[in-house]
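Novice: Single-letter residue listing:
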Amino acid sequence: MHESTTIKQNNNLKSQLEEKVGVIPSHCYQCGKCTAGCPLNEDMDIKPSQVLRMLQAEQPGYEDKLLSSLSIWLCLACDTCYSRCPQEVKLSQVMDFLRQESVRQNKVNPKAKDILCFHKAFLETIEKNGKLNEVWLTLNYKLKTLNLIQDIQKAPSMFLKGKLNPIPNRVQNVREIEQIFKRISDNEGGEK
Amino acid sequence: MARIGVFICHCGENISATVDVARVAEEASKMPGVAYAMDYKYMCSDPGQTKIIEAIKEYKLTGIVVGACSPRMHEATFRKAAEKGGINPFLCEIANLREHISWVHPRSEATTKKAIDIVRTIVNKVRQDTPLFPIKVPVTKTALVIGGGIAGIQAALDIANAGHQVIMVEKSPSIGGHMSQLSETFPTLDCSQCILTPRMVEVAQHPNITLHTFAEVESVSGFVGNFDVKVRLKARSVDLSICTGCGACWQKCPSKKIPDEFNAGLSFRTAIYSPFPQAVPNKPVIDRAICTWFQKQKCGHCKKVCPVGAINYDTEDEFIDLKIGAIVTATGFDIKHTDFFPEYGYGEFKDVIDGLQFERLASASGPTNGEIRRPSDGQIPEKIVFLACSGSRDKAKGIEYCSKICCMYTAKHAMLYKHKHHQGNAYIFYMDIRSSGKNYDEFVRRAVEEDDVRYIRGRVSRIYEKNGKLIVKGVDTLMNSEPVEIEADMVVLATAVVANPDAESVAQKMHISYDKHHFFAEAHPKLKPVETNTAGIMLAGACQSAKDIPDAVSQASAAASKIIGLFSTDVMTREPVVAVVNRSMPPMFTTCTGCLLCMEVCPYHAIEREEIKDRTGNVLKIAAKVNAGLCQGCGTCVAFCRNKSIDLQGYTNLQMLSEVMALLNKPF
Amino acid sequence: MKVGFYPGCSLEGSSKEYSQSLYAVAEKCGVTLEEIKDWSCCGASAAHSLNHDLSIALPARNLALAEKQEMTEIVIPCAACYSRLASSQKTLLEDQSVLKKTQGFIDIKFDGNVRLLTVFEFLQKYIFPVSDQFIVNKLNQKTACYYGCLLARPKELTKLDRPENPMEMESVLEKAGATSIEWAFKTECCGAGFSMSRTDLVAKLSGRILEDAAERGAESIIVACPMCQSNLDLRRPEIKKQLKKDINIPVLFITQALGLSMGIPAKELGLDKHFVPTGKAVSCIVKKEA
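Keeping their order, the protein sequence lines are chains D, Z and B. Be aware that the first sequence starts at 1, since it is given in our numbering, and climbs by one per residue. Be aware that the second sequence starts at 193, since it is given in our numbering, and climbs by one per residue. Be aware that the third sequence starts at 861, since it is given in our numbering, and climbs by one per residue.
Since the hints were made in silico from the structure, they are not lab data. Treat the hints loosely; a few may be bogus.
[To be verified] From chain Z, some residues computed to sit far from chain D (all C-beta separations above 10 Å): (1) T242; (2) A588; (3) S653; (4) Q847.
[As the list claims (entries may be wrong)] Quick list of simulated restraints, FRET-style, between CB atoms: (5) D/K144 to Z/E592: 44 to 52 Å; (6) B/D955 to D/E58: 46 to 54 Å; (7) Z/P693 to D/D186: 25 to 33 Å; (8) D/I24 to B/G890: 48 to 56 Å; (9) Z/G562 to D/E58: 30 to 38 Å; (10) D/D186 to B/K950: 20 to 28 Å; (11) D/D64 to Z/Y593: 34 to 42 Å; (12) Z/R480 to B/V990: 41 to 49 Å; (13) D/N12 to B/V990: 55 to 63 Å; (14) B/Q956 to Z/E592: 40 to 48 Å; (15) B/Q956 to Z/S300: 44 to 52 Å.
Note that beta-carbon positions come from the ideal geometry of N, C-alpha and C, so glycine has one too.
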């Protein structure tokens, strides 16, 4: 690979994406195949191919729009886009990156609140138990989102079918898991 | 005793502004072997050259050094002047004072000193130079054209009309190539066969052209002007001299379920068949791989019904040896088929077809007599979706290039459909429109503005079947990337143009280069588009890269002109900068030990194994021998030879050593 | 025959029947599944969405544990867990700097020597060589084999023959005496992890899948991913509301289908744990002729 002749302007999303994630937005030639195949293309506010275009264009205001969009939270990471992209652009990795930036810059779209709460509740459950416990997760999620009555009618049948363990199945060395979380968090602090 | 003349050119101010040319000339006059030195403003001009010629005569010079611009510019000029002055042109050498000195250094003492050093180096070389004489190679004035498509046909006709013999070899039973499969051609919408078949007949009837169909090139050896080509004439099982083309045999043949290659698999043919009604020659062949007689020793109907007894099951492949002067490779192209696309059905949806299949549907002589009908149920489609760029410009699928012709033929397909079925709906999913030829963009606009073809900019993600329809999931990137879903009756994929599956083996037989996509390599992408790196072998048509008919025809005529030029003399002259294996008196004969390592490494296959024999035919020694006609003077063999038995004329080991010694300022 | 086994959180909880039926089939064929001791969550969607380093470290811990416990191969029946573990392994083996960083996060040494098996590979390698003698029933129904996303993509990890129209599950169902239909939503997404946070989208996406299968005459849907099973099964009421249609096709795990053909009782395979009753699928079964 010959040396890149692009001038690194600043630490904008595009250059961060290239350096940290290894995805090069200029590879995308805007054919739209990703949008055409995305299962949630009707629901996304910024379509997948447009996300890439906004990264390429580097116009003022685009970064904010991307980080505060609903699309980055709706992405299911189903990889339909990547599997058909003629230029092999890993769009799902771009979405992950934008999600993490969105949280870091505190620009999460209000409509994505429930989705973010679910992910957070999930990770908190893992940190405490090492494994997922559906009861814990559900309670944590409901407390965060205040969706208290959602799915409440399913609970009894789930319990009867043996699918709900109120007593969590903890990992024995759960300390190891806590340590992993802590070390990563400390490392991020150092990187900043 | 050397008497060398040194002529230092000012090159206007190009050299003299940076180098003290007068001083260089003065220092040159003191160098051993130099009899005369001068400097002048423009050595390459007429007066400049006259000065050289006069100096040679006046000072009885035995060699000259011209300190000037790069030899690529004027070496030929000064060598002609030397010849006019009466010395062998290869005793004239150039010292590059411009590109190597004045253009890359600032004016300084060091720069002038470098100029003096370089002149001294070249003077030293000329002291070692010996006269060389151009090599004469005889030329066989017969051309071979491989491939009977439109490019091959054009090249053959051009060469034949110039009065030379042409032999055309075509691997299928008839000439015509892909152009004979087309319905109409863009941008005029001429009937393809109507413009092609007169040319095909002309080839068949031309007194200077010998046509071999159902034949393939088996091997090529030799060199430009003197190729030895072996051709395999595959067994047709039908005697061409007796057969009248009446068709009784293929009407009676019971094997009727063989996918018809000419109709791109949309219909069937028989085992004994002629590919299409306008075939040239219009005489059948037997497909022995499927014919019941050849596979199971049963049937034999065709032989019984033939009214003139032209069928003979006992014929074998025949080999003929040809002496050829130059070759045109016009082997054409192939396209990817629908099974190449997992997201479009792996080729399993009957109504998803490729461009050539659509041509056959549209063609009056096709499987549906020119009516566009669905292969699945024979119904006329109300909605056809065309996908441009199917497989092309797609790094993930391994085809990064653009196939050039698809934008135009997709517009054409949509127009033909609309012309035949006015109430039909045609949609084209595209990425860009590449229509840069003459009247091409106007053609595409006609599709949009007059024939109501709907263009949607975006690629299609996938196609699936539901209730007899094809659901096409695309996108309109010009409308905010809105997803677009169309329920189509038929989908036509403009699939990528690719090299023929046997292109690699053809290239290797011909010893010509090819790229990673197996397209044959031209000698220079800008300035030598029809020659290959192998002297005497030209390229024409899509075997070199995807192209449309006008470009294929132009390239074919260009290739023909190169060959006509080659054939314009009985004898070819070549620069004598070739390798030579030393020879001496018996019993030594040569210091070459016959290890033949040079033969292995020669990139031009220019070295042969020679048997040195006595008068009774006993082999005394094996040695290497350089074929001066093929040798390109690269010097690889010289580098590899273990005991320095092979040397490069004009750049001998001794000459090179003398230059190095001069640079080191050591006596030599 | 012993094979390492990473169940993942779903197989211990809401998709217990997948684990149950896998054990039943394995036991019948003389294969012992050795669960990785003290395994932990792979991180699923939450980790890769919110924390890149975590998404590599959590799977890495489990891979390292498997190595430490001297396992050469592990089967990961959950499609999502497989995807996370395989992806993490690939990244760690390809990028030295990430390996170094991740090794710093987890305590156990990672060498990347464990071979990861999808459920198909496991069946192919360990079950099919011996299963013919155990298959006594024919399922005798039209099945729609549903792969979902993570069994088919990305193709460098999933190793399917034809990622857009795979047939691996179909060949298993053929052994089990079922006829698989040709349909158009084999590898379309079911809605993934949105079961709680965006149930409406799950209903929409899973609804499309269910509808196509039903229209083409499927009598049961076979899956190999706990999330897909849950979305198509647990969320059936929401789907019905979305489609305004009553579709009652049951959703079985591939191991349950295989287990039924081996004559293992429905209860043992966890078929009573489904939300959409599986009775009809079971009643179609006939004895296989000798």
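Novice: Indicate, hint by hint, whether the structure satisfies it.
Specialist: Here's how the hints hold up against the structure:
no.: 1; hint: T242; result: holds, 50 Å
no.: 2; hint: A588; result: violated, 5 Å
no.: 3; hint: S653; result: violated, 3 Å
no.: 4; hint: Q847; result: holds, 38 Å
no.: 5; hint: D/K144 to Z/E592: 44 to 52 Å; result: holds, 48 Å
no.: 6; hint: B/D955 to D/E58: 46 to 54 Å; result: violated, 27 Å
no.: 7; hint: Z/P693 to D/D186: 25 to 33 Å; result: violated, 59 Å
no.: 8; hint: D/I24 to B/G890: 48 to 56 Å; result: holds, 51 Å
no.: 9; hint: Z/G562 to D/E58: 30 to 38 Å; result: violated, 53 Å
no.: 10; hint: D/D186 to B/K950: 20 to 28 Å; result: holds, 26 Å
no.: 11; hint: D/D64 to Z/Y593: 34 to 42 Å; result: holds, 39 Å
no.: 12; hint: Z/R480 to B/V990: 41 to 49 Å; result: holds, 47 Å
no.: 13; hint: D/N12 to B/V990: 55 to 63 Å; result: holds, 59 Å
no.: 14; hint: B/Q956 to Z/E592: 40 to 48 Å; result: violated, 30 Å
no.: 15; hint: B/Q956 to Z/S300: 44 to 52 Å; result: holds, 50 Å
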